[in-house]
Amino acid sequence: MLTIVRFLWASFAIWTAYALHPSEAGVVDWHKALLGVPLTRPDFHRTTGAHGATRSVVLTATSNNVIGAVHPENGTVAWRYLFEDRDPVVGYKAYNDRLATLSGPGGATFRILDVNSGHLLHELHLHSADSGRLFEPVNLGVAIAFDDSDKSKDTFVLTNGHTLRRINGKSGDIVWGWTSPDQTSLVVYSKVVTTSDAIYLIGLAKSFASYTVHVSAISPDNGELLSDADVPSSIINGPQGLIVVSHEGTRGKSVRLAWLEQARIHSVALTPQLKDKPTIKKGSAYLQVHDIGLQEKGLFVATKEDGSGRVIRFSEDGALKVFWEFADSSPKYTESTYAGGLDKDGWPYIARVYWSHVFRQASAHVLAPHLAEGKGLVTGFTFPFETQKHGIIANVAVDAANPEEFRVLSRLVLTTTTGAVQLWQQDQHQWTREESLADIRVAEMVELPEPQLVASQVGIEETESFGARLRRQLADAQDFPQYAINFAKRFATGSYASASSSIAPASNDTSPLSRDTFGFRKIIVAATSHGKVFGIDSANGEIIWSRVFGLGWAAEVGGRIFPLKIFTTRTVSDGDTPQVVIVGQRKADNSLVDTVAFHIDALTGEDVSGTSIGQDILQGQDVIAGALVEAYLFQDGPTKYVVLLDEYLQVHLFPDTPENADSFHKVAPSIHLPLRTGTAGSHRLGGHKVSPEKEFTGRHIAYPIWTASLPPNEDVRSIVTRPHEPVASLGKVLGNRTTLYKYLNPGVVVVLTSTSTPSGPATSCGVYVIDGTKGTILYHANLPAAGGVCDVKAAFTENWLVYHYYDDGSANADQAKSYRMVSLEFYEGSGVDDKTSSSDLSAYSNDTTRISVYEQSYVFPRGISTITTTSTKFGITVKDILVAGNNHQVQSFPRRFLDPRRPNRKPTAEEQEEWLIQYDPLLPDDPKRVLSHRYQVARIRKIITSPALLESTSLVFGYGVDLFFTRVAPSKTFDVLNENFNKAQLVLTVAGLALAIVITKPMVRRKRLRERWYAS
Amino acid sequence: MMIPLLILTLVSLLCSSLAFDLKGRVVWNEICPGIGDLGQAKVVLDNGNLYGSVTRNGQFVIPEVPSGTYILSVVAHDHAFERLRIDVLDTDTLPEVRPYVPGTPLSPPSPVTLPYPITLIPRARYDYYTPQESFNLVGMFQNPMMLLMLGTGVLMLAMPYIMKNMDPEVLQEFKERQAKITDIQSSIQNGDLKTGLSAMMGGEEKTSPAPAPKPQASAARNRGKNKRR
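Residue numbers (my numbering), protein chains in the order written: chain A, 1 to 1016; chain B, 1 to 229.
Keep in mind the hints are simulated off the structure, nothing from the lab. Among the clues, some could well be false.
In silico DSSO-like cross-links for lysine-lysine, where the CA-CA straight-line distance does not exceed 30 Å [what the hints assert, rightly or not]: (1) Lys-170/A to Lys-23/B; (2) Lys-742/A to Lys-793/A; (3) Lys-282/A to Lys-304/A; (4) Lys-1001/A to Lys-175/B; (5) Lys-23/B to Lys-153/A; (6) Lys-689/A to Lys-666/A; (7) Lys-164/B to Lys-1007/A; (8) Lys-23/B to Lys-93/A; (9) Lys-873/A to Lys-928/A; (10) Lys-153/A to Lys-253/A; (11) Lys-282/A to Lys-191/A; (12) Lys-180/B to Lys-1007/A; (13) Lys-1001/A to Lys-23/B.
Computed from a predicted model, the values in this text were never measured in an experiment.
Isolated chain A, as found in the complex (with noise of 0.2 Å):
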């Protein structure tokens, strides 16, 4: 009997495991892969395939601390290699087939990539993270260059600004390494430059007021220090002024190191001896000297006073010589920026790019030196880049062919300040990456209205007359045998909307947005940390509007806005168009920091205060002239308005019109605020209530009325909120007929602390459940801090805690290692049957903190980055919890394993009859109830979840580096027709069986006649 029981419950726990099915993949979700917004200049890459084909990627390294590959063509990622955060990409450099990339502090560890696919080939570690050096800039001190004398492929390879490695290309080995004799003393190095009789290595030495130049020649071969020398020089804005310049001539390749000093260019030419003395090149003051990725063609730009460019080459006598001269600048224009390239003869090209405030349109100019007999050709041209939607162009990389004679063809790569990275070919544009998606700080999924029928007749029918009325309905009418046949074609054969459809609209759409049957279609709005507000269609992924946020008065002296909270304001239901409130604080370039709102209409993305005029920057409304410490969304009745706290914990309304003052006024003396407040390392948790009047300032204060008594070298790190859902039922029903009723206390947080000793790293982590309004603890575990980090993830909602650590094994000798996930459940009172209803009790009340806490602790299969329940619109549904793993998948775990009255032994019919199985210590680790199958979610910072207008269905959307959207069905599509529901059987079987009637009627008939006919 029990086999059969047993065997019951395996066919269920499979019938209930929620998967996909391969054709739902692609359509019920969408992945947005994204590198991160660029840091330096992307650049070409161009590699030479085995048939003499060339192909080429563009390549970046991130503020997302990826560096990846862009396929020119059409704008989708070749490859990426993602780097972990404590280990920062410093420096990288493509050659040939290979990328070279340095990371950590003061490059501890080198990378090999193959070029083409980002597979790794080599990594070798070459010094302890503790004993590398820190820099400002970070990519001081490190460099990498290659080998080009020969075919060794080999890697010279400069760290911590004193240590040079030759490595070997083939087996990735160190050959030889040379580390400076003096490395305490103050020259740092900074450059590396290959030739085949010496390595020069270039860096600066600090002298009183300025650095000195100085070099050292190191043998290629055996890594034995040739030469050393300092260079009579005296350079104040450190080593971006440097710059090394090569000539490929008859003679083997000569070198020259040049670089701007007092206005004019010094320069010295290398030589193995380093006996050469520096000349200065007469002629026209500069005010900067430019790297444009051409060094090793002798070219480099540099800028007068007056703003024009200039080419300097180096050319084969050994002198540098003004080869061109870019004129035409002047204050209409902004400050040109400039790049270079190579085609795939290897000739190089110099762009140069600006904007002209006159014409509204961005210029480049293309130089091509080799072509007009060698005087160099420039071709010119405009393209009309949107600066209102994109920001400022901030690098530029060219890449340039030359099918003809005079003729050249470009395109441009520019990556700009709100992070979009564009490709511009001569003036057409072929693709954008909107990148600052990797940074996504804020999202909310906001619902849409449901679509406008067109109703021709409405409010008609009381004026017109009787014939008019039958005409009209007769018209109406003759197309009525069409609808009908086309009513029993659709009831016979048609689809009904099935919940695994994609909802996403057809390319040619033009209706306006609206929402699908089940309310699966919302719109994401996303703000990110680069001055950029996004909708994107939850259908797709696809940007519907986006919007540059305006700086207000900063914009005079520059500075970023941070987005911190994001509220709706008005939805649908409330009978309007969307409307949402972005928070963000705004750190001005002077060091000035303030609270700034910004209002929009969820649809379209305009502004709903007004104050922007059309599609030009969205501009906000200064709320606190400070930072913010919380903001809450308040609800009053259908009106709904932001509450914002600033350091002085004075209140401030958004928007602050007189009704909401109003209604703020009224609710003022029932709220309680649980506040994280304080400095970094030692932030306090105090509970707070607001004045019931105004102070003297205009505004209501809120005023602490008790502190958590925490020991004073805890910092609580973040409070952990229920979200605001609601919940179905308010207790649960056991098997035995008696009831737990959930503890619903709309006050309780969950707060998480770390321990640590003064300026040490953490020893302990924590995690509390405290009362908000009165800040009793009723609820506290001591956790291990493995590594001296807490990194302790929390989910909370209804009266179900989950949270995330891993055990290091320390506080038991023989105990595992392992992730853990303890869940935990709060029932009223003291056991079955024992009601407080704490969801309406009195804060007073002492029964609020008389409940009973179920627990279970799990063994989890890997580390996690966030951790979020599902939400369905009436809390019916089970709540599954939703992971992001370090393996880069989002992964659901079902409440059922998860249930923290999952009992030690066999469950006995009762339990069974709660569908509570045998507890086991490991989690199982389903791959079938991975949400992003196959893709690589890359680094998922938060997951969001929302309803959809099936209570069965709750909306996933997650983002970090990538954007990933689906959704789940925790207890199954209930509420839908099942996906495997067979209409052709039913209509089969219906059709059959009415067959079997027309048939068998006159045969029963006339058997029934026979029987009378002859009845004995």
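Using the hints provided, position chain B relative to the given structure of chain A.
Frame of chain A; chain B shown alone:
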């Protein structure tokens, strides 16, 4: 010149005495034939503070591992690997590698030791999908319930003709048997199991010598056919 080299060797010696570079290899097999299939993967100790990336030839190095006991796991997107327990010792001997089952205590250690350098074998490829059941007419009729239904339907339709063409003797016998069956059914329905059972027994007894009349039946049918002519 000698001094920097000396320092470098000294430094490297110092490093090697403090910590150990853990080396190993992922063996490509039919589950995971190469790095293109595996993707960017890393081999981590414990919670990932110490790790090494898997290179194209499957090798990995976890640098500077201090002595201690670690759980080694592979972070890969599509492939499952076993976990190992690694003991890096203070002495100069090689680290000990043992199999490890997640969720089990670390002591006592497993008596089985595996060779060093570590070899990791891809054990399975994750299967994320469940096949979709689709409608197919043949499949529908292969269902035993459907077959039964069809069979009964055909029998029902064909019954009058069979009855008509039956030999009167056989018909008589058939009717008797049917009457008996209805008897049993009604007795079972009335809860009178005993009579039902005895009737069943009796029926069986009677039907046991049945195989004999079979050829007769066919002969009778032939006769019937002849008669009709």
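Structure-based check of each hint:
no.: 1; hint: Lys-170/A to Lys-23/B; in the structure: holds (18 Å)
no.: 2; hint: Lys-742/A to Lys-793/A; in the structure: holds (23 Å)
no.: 3; hint: Lys-282/A to Lys-304/A; in the structure: holds (13 Å)
no.: 4; hint: Lys-1001/A to Lys-175/B; in the structure: holds (25 Å)
no.: 5; hint: Lys-23/B to Lys-153/A; in the structure: holds (24 Å)
no.: 6; hint: Lys-689/A to Lys-666/A; in the structure: holds (14 Å)
no.: 7; hint: Lys-164/B to Lys-1007/A; in the structure: holds (13 Å)
no.: 8; hint: Lys-23/B to Lys-93/A; in the structure: holds (27 Å)
no.: 9; hint: Lys-873/A to Lys-928/A; in the structure: holds (25 Å)
no.: 10; hint: Lys-153/A to Lys-253/A; in the structure: holds (18 Å)
no.: 11; hint: Lys-282/A to Lys-191/A; in the structure: holds (26 Å)
no.: 12; hint: Lys-180/B to Lys-1007/A; in the structure: holds (25 Å)
no.: 13; hint: Lys-1001/A to Lys-23/B; in the structure: violated (83 Å)
Violated hints amount to a single one, hint 13; each of the other numbered hints is respected by the structure.
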